[in-house]
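Novice: Construct the complete structure from the given sequences, taking the supplied hints into account.
There are 2 protein chains.
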Amino acid sequence: MASGNLKNPFGLNMAELELNISVDCVLFTVINDKLQVLLTRFSPDFGYALPGGFVRKKEDTDHAANRILFERTGVNYIYLKQFKVFSDPKRFSFEPMIERINQQDAMQVNVNQLPERVISVGYFALVNYESIHPTGGEFSEDSSWMDTEELPDLIFDHAAIIAEAAEALRRELYFKPVLYNLLPERFTMPELQNLYEIILGKSLDRGSFQRKMIRWDIFERLQERRTGVAHKQPFLYRFNKEKYELAVEQGIRFVL
Amino acid sequence: MASGNLKNPFGLNMAELELNISVDCVLFTVINDKLQVLLTRFSPDFGYALPGGFVRKKEDTDHAANRILFERTGVNYIYLKQFKVFSDPKRFSFEPMIERINQQDAMQVNVNQLPERVISVGYFALVNYESIHPTGGEFSEDSSWMDTEELPDLIFDHAAIIAEAAEALRRELYFKPVLYNLLPERFTMPELQNLYEIILGKSLDRGSFQRKMIRWDIFERLQERRTGVAHKQPFLYRFNKEKYELAVEQGIRFVL
Chain A
3 MASGNLKNPF GLNMAELELN ISVDCVLFTV INDKLQVLLT RFSPDFGYAL
53 PGGFVRKKED TDHAANRILF ERTGVNYIYL KQFKVFSDPK RFSFEPMIER
103 INQQDAMQVN VNQLPERVIS VGYFALVNYE SIHPTGGEFS EDSSWMDTEE
153 LPDLIFDHAA IIAEAAEALR RELYFKPVLY NLLPERFTMP ELQNLYEIIL
203 GKSLDRGSFQ RKMIRWDIFE RLQERRTGVA HKQPFLYRFN KEKYELAVEQ
253 GIRFVL
Chain B
3 MASGNLKNPF GLNMAELELN ISVDCVLFTV INDKLQVLLT RFSPDFGYAL
53 PGGFVRKKED TDHAANRILF ERTGVNYIYL KQFKVFSDPK RFSFEPMIER
103 INQQDAMQVN VNQLPERVIS VGYFALVNYE SIHPTGGEFS EDSSWMDTEE
153 LPDLIFDHAA IIAEAAEALR RELYFKPVLY NLLPERFTMP ELQNLYEIIL
203 GKSLDRGSFQ RKMIRWDIFE RLQERRTGVA HKQPFLYRFN KEKYELAVEQ
253 GIRFVL
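Read top to bottom, the protein sequences are chains A and B. Counting along the first sequence from 1, when you hit position 81 you're at 83 in my numbering, and nothing is skipped either side. Counting along the second sequence from 1, when you hit position 244 you're at 246 in my numbering, and nothing is skipped either side.
Keep in mind the hints are simulated off the structure, nothing from the lab. Nothing here was measured: the structure is a model prediction, and the numbers come from that model. Check before you lean on any hint, since a few could be wrong.
No copy labels: a pair is met if it fits in one copy or bridges any two.
Once the Cα atoms are required to be at most 25 Å apart in a straight line, the calculated DSS-like pairs of lysine-lysine come out as [said to hold, decoys possible]:
1) K83 / K243
2) K83 / K36
3) K204 / K245
4) K243 / K214
5) K234 / K214
6) K92 / K59
7) K178 / K83
8) K245 / K83
9) K178 / K214
10) K178 / K204
11) K83 / K60
12) K204 / K36
13) K245 / K178
14) K178 / K243
15) K36 / K178
Specialist: If you want it as structure tokens, here you go:
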């Protein structure tokens, strides 16, 4: 069974990998007014999981996160932000994996070469689901968006990783309100507020919200209003990207 | 040279360690109006370094950070916050270390058992230097506070780790203004502002600062004033710990 050139289930040379260090990528989006997350099913199948995998010996974890997201989902060129390390010695075990792999007779695994534990570095991003196209990638795999409030059973500690990523996303909005990527070019204040409420997971006071948005001075109010809505037609706004980027650079805190 | 029971320079059994995963601890304090950081000198001596070391196979990185800080500096029971992983494949090399160790003939090292790279998980804390007593710890070592603006040459990427930790500390203050640990029980607004300015590394407007502090509603103004100062005698304040903890819990953002 022993071999210096073992193949892992994903076609990679195990000798190239840090088998005790992985990355997991949490891609968030908003669909149907729900905060959703991109999940995959591994091959061989262990159930729903975040797109993740082992770091190569000659790459940093940022590179690993981008590479692995692409390999598993076909999604490329996303800014992924590192947010936390998950290192409970019992969070991960190769055992169930080895069992399945050996059942499927897909590879030879020398169990003695595998580490007892795997530490994972978590990455997240908030993306416009219309701008990315999960194809399944090189090695796998069904990718699908799932409502964070109705997640299926996930492998290992992936449910906890998603919960921590959502918290990191909420914190990040204070420093850089990246959610503008999810809005159409022209939007109303109620639409912006709705998006904030979905991501923050709480209701916001309408008057206070709009005062803060105007104080940030990163939007332009257009002459047009949203038509086709039942009551008062709200004004349309758009981001002023120059002002926005200047505000981020100057360290403005986008606190609600 | 080969042995399954190698000792590393710090007296630990190398077989118990994840030799490709370390932690580094950045302890900040303020002394003489300067943001200072606790540095050690390793034994064998490689120069100034953060207190750091390898994660054990059966512990998580939080545990490793606390254990290692204690072993290297004698400092215990500090809340250390994980802030970032440093994973450039070229950030660390065992080579200079092995050379020194072999020169000192202190141990037998089988170079083939060492990984090509080490990923480090960074932790930080802001502490009152009067409340902790770096003794040198079990394995080392001179520990000393050094001004972050006048650091000596540091090993590996430790200068970059300190810079990132300082940024993480500044961000953390928005969520939890832990700097109250550095103040005497009774303090003036100018003293509090001075402390913020040292940590944030910038001047703040006095009027705006005091309005914000009062709006946070976590201080009590006492009847007494600070005496022995040249001009107008400022009022003394103290933290109201209950209000402070409630505010943190309610998610108040302490933005300046």
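Novice: Hint by hint, which ones does this structure get wrong, listed from lowest number up?
Specialist: Going through the list in order, the structure violates no hint and respects every one.
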